[in-house]
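> Protein chains in written order, with the UniProt record's numbering: chain A, 1 to 296; chain B, 1 to 296.
Calculated from the structure, these hints are not laboratory results.
Predicted, not measured: the structure shown is a model, and the values here were computed from it.
Hints are not guaranteed to be accurate.
Repeated chains share a single entry, so a pair holds when one copy, or any two copies, can fit it.
[Stated by the list, open to error] Below, in silico cross-link-like pairs of lysine to any residue (SDA-like), each with a Cα-Cα straight-line distance of 20 Å or less:
no.	residue 1	residue 2
1	Lys285	Val79
2	Lys287	Ser82
3	Lys213	Glu165
4	Lys213	Pro252
5	Lys285	Leu257
6	Lys287	Pro77
7	Lys214	Glu190
8	Lys285	Ile188
9	Lys287	Asn103
10	Lys215	Arg260
11	Lys287	Ile208
12	Lys287	Asp104
13	Lys214	Tyr295
14	Lys84	Gln96
15	Lys84	Asp97
16	Lys214	Ile296
17	Lys84	Phe110
18	Lys215	Ala262
19	Lys213	Pro261
20	Lys84	Asp114
21	Lys287	Glu119
22	Lys287	Glu89
23	Lys287	Glu190
24	Lys287	Ser277
25	Lys287	Val146
26	Lys287	Asn263
27	Lys213	Pro282
Protein chains: 2
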Amino acid sequence: MVFLSVLTPVLAVILCLVIGFMLLKPREAASMSTGKPASKSENFRPWVDQDLQDDTEITAREDEVGDWMDSSEEDLPHVPYSQKRYSEEMMLQRSQDFYTLMNDRRSVRFISPDPVPREVINNVIRTAGTCTAPSGAHTEPWTFIVVSDPEMKHQIRLIVEEEEEVNYRHRMGEKWVHDLAKLRTNWIKEYLDVAPFLVLIFKQTHGILPNGKKKTHYYNEISVSISCGILLAALQNAGLVTVTTTPLNCGPQLRLLLRRPANEKLLMLLPVGYPASDATVPDLKRKPLDDIMVYI
Amino acid sequence: MVFLSVLTPVLAVILCLVIGFMLLKPREAASMSTGKPASKSENFRPWVDQDLQDDTEITAREDEVGDWMDSSEEDLPHVPYSQKRYSEEMMLQRSQDFYTLMNDRRSVRFISPDPVPREVINNVIRTAGTCTAPSGAHTEPWTFIVVSDPEMKHQIRLIVEEEEEVNYRHRMGEKWVHDLAKLRTNWIKEYLDVAPFLVLIFKQTHGILPNGKKKTHYYNEISVSISCGILLAALQNAGLVTVTTTPLNCGPQLRLLLRRPANEKLLMLLPVGYPASDATVPDLKRKPLDDIMVYI
C-alpha cells in the first residue's frame with residue numbers, strides 16, 4: 001500500500017506529461033501549416049508558387065483559379081460579345097494617337113488650385129471603377145474617396161505630413177540621411193491643401209457575404225492597381241494631372257478619419273487638378289522600347 | 001501518511017497543470033507576435049504599416065518614401081511642365097467619350113485567330129511601358145514578352161494546361177470539386193494557341209546596379225499592375241480584346257521557357273487579338289458609381 005501510494009504521484013506525472021504532449025502536438029502542426037503547407041507525398045506542387053515568394057507574392061488558395069473568373073459567374077447566362085473592328089490603318093492611327101496622349105503624362109507635384117468640374121471626376125472614377133477594370137473573381141474590390149472639402153483636405157495633410165516628417169527624420173536609413181541635405185523635397189506636401197480634389201483609393205481585402213461571413217478578395221491589390229492605371233489614363237485624357245503616392249504609415253489614421261470600414265486599406269492617394277502655371281518635373285529619361293519588350 | 005499519499009497525486013496533477021500552462025503561455029505569445037510586431041516604447045510607429053498587414057501588404061523599407069520619386073531623380077534638372085488645357089465642355093465631352101470607349105471593355109476568352117498588325121502591339125506596349133506608367137522610384141520594373149511564334153505559344157499552352165489540370169483535379173478544395181460538374185470552363189485554354197499574340201508581363205523584383213549589387217524595386221507589383229491597366233486601356237482603344245490571367249504555379253516554368261532572368265517573376269499573361277465572331281461573355285452586373293465612390 002505504501003509502495004503504491006509512492007508510485008501514484010509518479011504515474012500521475014507521467015499521465016500528465018502524456019496528456020500535455022498530446023495537447024501540444026496539434027498546436028505545433030497548426031502553427032506550421034499556417035506558414036507553409038506541409039509537404040505531402042503527392043505528385044504535385046503545393047498551392048504556393050515558389051517563384052513568387054517575395055513581399056508582393058501571389059498566394060493561391062482554395063477556390064482560386066488563374067483566369068479571373070467568378071464561380072458564380074458560371075451560373076450567369078452568356079451573351080454574345082462583339083466590338084467595333086477598325087481597319088488596320090485606323091488601328092495604327094488610334095494606337096499612335098493614344099500613345100501620343102499618354103506620352104505627355106508625368107507625375108506632377110505642383111497642382112493648380114483652379115476648380116475642376118465635379119462631373120469630370122465622376123466620369124473618371126466611373127471609367128476606372130464601375131465598368132472597365134477587371135478584378136479577380138469580379139469582386140470590384142475598390143472604394144474611391146473623393147475629397148474636396150478644404151477642412152478635410154487639411155486634416156489629411158496634417159496626418160500625412162506628421163508621418164512623413166517622422167519618416168524623414170527618424171525612419172530613413174543612414175544613407176538617406178546623408179543625402180537629405182541635397183533633397184529638394186521634404187515632408188511638406190502643399191498639394192494636399194491646394195489640389196481641388198484628393199482621390200484616396202482603398203482596396204477591400206475582403207467582402208462581407210449576405211450570411212455575414214468573410215469573402216476573401218483574391219488579387220485585390222493587383223485589381224485595384226490595374227483600376228488605378230485606367231484612372232491615370234482617364235485623368236490624362238481629360239487634361240488633368242496627379243502624382244501617385246502611397247503615404248507610409250498613414251493608412252490606419254486616414255481610414256479612421258474618412259470613416260472607412262476595417263476591410264478597406266488605403267492603397268494610394270492621388271491629388272488631382274490642373275498643373276500649376278509654374279509646374280516643373282524632373283528631366284527623366286525613360287527606357288527605350290527595346291529594353292522592355294521582347295518579341296518571340 | 002495515508003491521507004498524504006492520497007493527496008500527493010492530486011498535488012502532482014495540479015503541479016503538472018501549472019507547468020503545462022506556463023509552457024503553453026509563451027507559445028501563444030510568440031504566435032501572436034508573428035502576426036504583429038511587439039509595440040515598442042518609441043514615440044513613432046515602426047516601418048510596417050499595421051493596417052496593411054495582409055498578403056498583399058505594402059512594406060516600407062529603408063530609402064523608400066511615399067511619393068514615387070527616385071533619389072537620383074533629385075540630381076536631375078527640373079524642367080517646366082505644361083499640359084493642354086481643355087475648356088470645361090471639352091473636358092466633360094472627352095471624359096464621357098473615354099468612359100463610353102472603356103465601358104465596352106470585357107474580359108474575352110474567345111479570341112479570333114485573325115492576324116493583328118505588329119506595329120499596333122508595339123504602340124500598345126510603348127504606351128504601357130516606355131512612357132506613361134509611373135513606377136516606384138522610377139525603376140520601370142517591367143518586361144513585356146510578346147509571343148507570336150506558334151511553336152512557342154503551344155509550349156506555353158502545354159505548361160499552363162498541365163498546371164491548370166492539376167489545379168482543377170487536385171488542388172481545388174472540396175467545395176470546388178463539388179461545383180466542378182456545372183463549370184463550363186476547365187483547364188483547356190484554346191486561346192493560348194489561337195490568339196495571334198500572347199503578352200506575358202514580368203515584374204522585376206530587383207534590378208542590378210553597375211557595381212553588381214541588387215537594387216530593390218519597391219512597389220514593383222503595384223507599378224506593373226498600373227502599367228497593365230494602361231495596357232488594357234490601350235488595347236481597348238485599338239479595338240483589341242484580352243483576358244487578364246495569372247497562371248498559377250506556371251511562373252517558374254514559363255520564365256525558364258522564355259529565358260528570363262531570376263529577378264523577373266511572371267505577373268500576368270494576356271492573350272491578345274480581335275474577339276472571335278462567336279465570342280460570348282457572362283452577363284455580369286457591375287456596381288453602380290454610388291457603391292464605389294464617396295464624395296467628401
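> Evaluate each hint against the coordinates.
Hints, one by one, checked against the model:
Taking CA atoms no more than 20 Å apart as the test, Lys285 paired with Val79 passes between copies only; the shortest distance there is 12 Å, against 46 Å inside one copy. Taking CA atoms no more than 20 Å apart as the test, Lys287 paired with Ser82 passes in neither setting, with 36 Å inside one copy and 22 Å between copies. Neither within a single protomer nor between protomers do Lys213 and Glu165 lie at most 20 Å apart by alpha-carbon distance, with minima of 40 Å and 29 Å respectively. In this homomeric assembly, Lys213 and Pro252 never come within 20 Å of each other (Cα to Cα): the closest approach is 23 Å inside a single copy and 35 Å across copies.
Taking identical chains as interchangeable, the C-alpha atoms of Lys285 and Leu257 are never at most 20 Å apart, the minima being 38 Å within one chain and 31 Å between chains. Taking the shortest Cα distances, Lys287 and Pro77 sit within 20 Å of each other only across copies (18 Å), while inside one copy they are farther apart (45 Å). Taking the shortest Cα distances, Lys214 and Glu190 never come within 20 Å of each other, neither inside one copy (39 Å) nor across copies (34 Å). For the homomeric pair Lys285 and Ile188, neither the shortest alpha-carbon distance inside one copy (26 Å) nor that between copies (43 Å) is at most 20 Å.
In this assembly of identical chains, Lys287 and Asn103 lie within 20 Å of each other by CA distance solely inside one copy; the values are 13 Å within and 31 Å between copies. In this homomeric assembly, Lys215 and Arg260 come within 20 Å of each other (Cα to Cα) only inside a single copy, at 18 Å, whereas the closest approach across copies is 35 Å. Proximity of Lys287 and Ile208 under a CA criterion of 20 Å is satisfied inter-copy only: 15 Å between copies versus 43 Å inside one chain copy. Proximity of Lys287 to Asp104 under the C-alpha cut-off of 20 Å is restricted to the intra-copy arrangement: shortest distance 15 Å within a copy versus 32 Å between copies.
For the identical chains of this complex, Lys214 and Tyr295 are neighbours neither inside a copy (43 Å) nor across copies (27 Å), given an alpha-carbon limit of 20 Å. Taking CA atoms no more than 20 Å apart as the test, Lys84 paired with Gln96 passes in both settings, with 18 Å inside one copy and 18 Å between copies. For a Cα distance limit of 20 Å, the shortest separation of Lys84 from Asp97 qualifies both inside one copy, at 18 Å, and across copies, at 15 Å. Proximity of Lys214 and Ile296 under a CA criterion of 20 Å is satisfied in neither setting, with 43 Å inside one chain copy and 28 Å between copies.
Taking identical chains as interchangeable, the C-alpha atoms of Lys84 and Phe110 lie at most 20 Å apart only when they sit on different chains, with a minimum of 16 Å there against 39 Å within one chain. When the C-alpha separation of Lys215 and Ala262 is checked against a cutoff of 20 Å, the pair qualifies only within one copy, where the shortest distance is 14 Å, while the shortest distance between copies is 34 Å. For the homomeric pair Lys213 and Pro261, the shortest alpha-carbon distance inside one copy (15 Å) is at most 20 Å, but the shortest distance between copies (42 Å) is not. With identical chains, the CA atoms of Lys84 and Asp114 are at most 20 Å apart between copies only, with a shortest distance of 15 Å across copies and 38 Å within one.
In this assembly of identical chains, the alpha carbons of Lys287 and Glu119 lie at most 20 Å apart only when taken from different copies (18 Å versus 36 Å within one copy). Within a single copy, Lys287 and Glu89 get their C-alpha atoms no closer than 27 Å, and across copies no closer than 36 Å, so neither meets the 20 Å cut-off. When the C-alpha separation of Lys287 and Glu190 is checked against a cutoff of 20 Å, the pair qualifies neither within a copy, at 31 Å, nor between copies, at 34 Å. In this homomeric assembly, Lys287 and Ser277 never come within 20 Å of each other (Cα to Cα): the closest approach is 28 Å inside a single copy and 38 Å across copies.
Taking the closest pair of Cα atoms, Lys287 and Val146 come within 20 Å of each other only across two copies (17 Å); inside a single copy the shortest separation is 33 Å, beyond that limit. When the C-alpha separation of Lys287 and Asn263 is checked against a cutoff of 20 Å, the pair qualifies only between copies, where the shortest distance is 18 Å, while the shortest distance within a copy is 38 Å. Neither within a single protomer nor between protomers do Lys213 and Pro282 lie at most 20 Å apart by alpha-carbon distance, with minima of 48 Å and 26 Å respectively.
When each numbered hint is compared with the structure, violations occur for hints 2, 3, 4, 5, 7, 8, 13, 16, 22, 23, 24 and 27.
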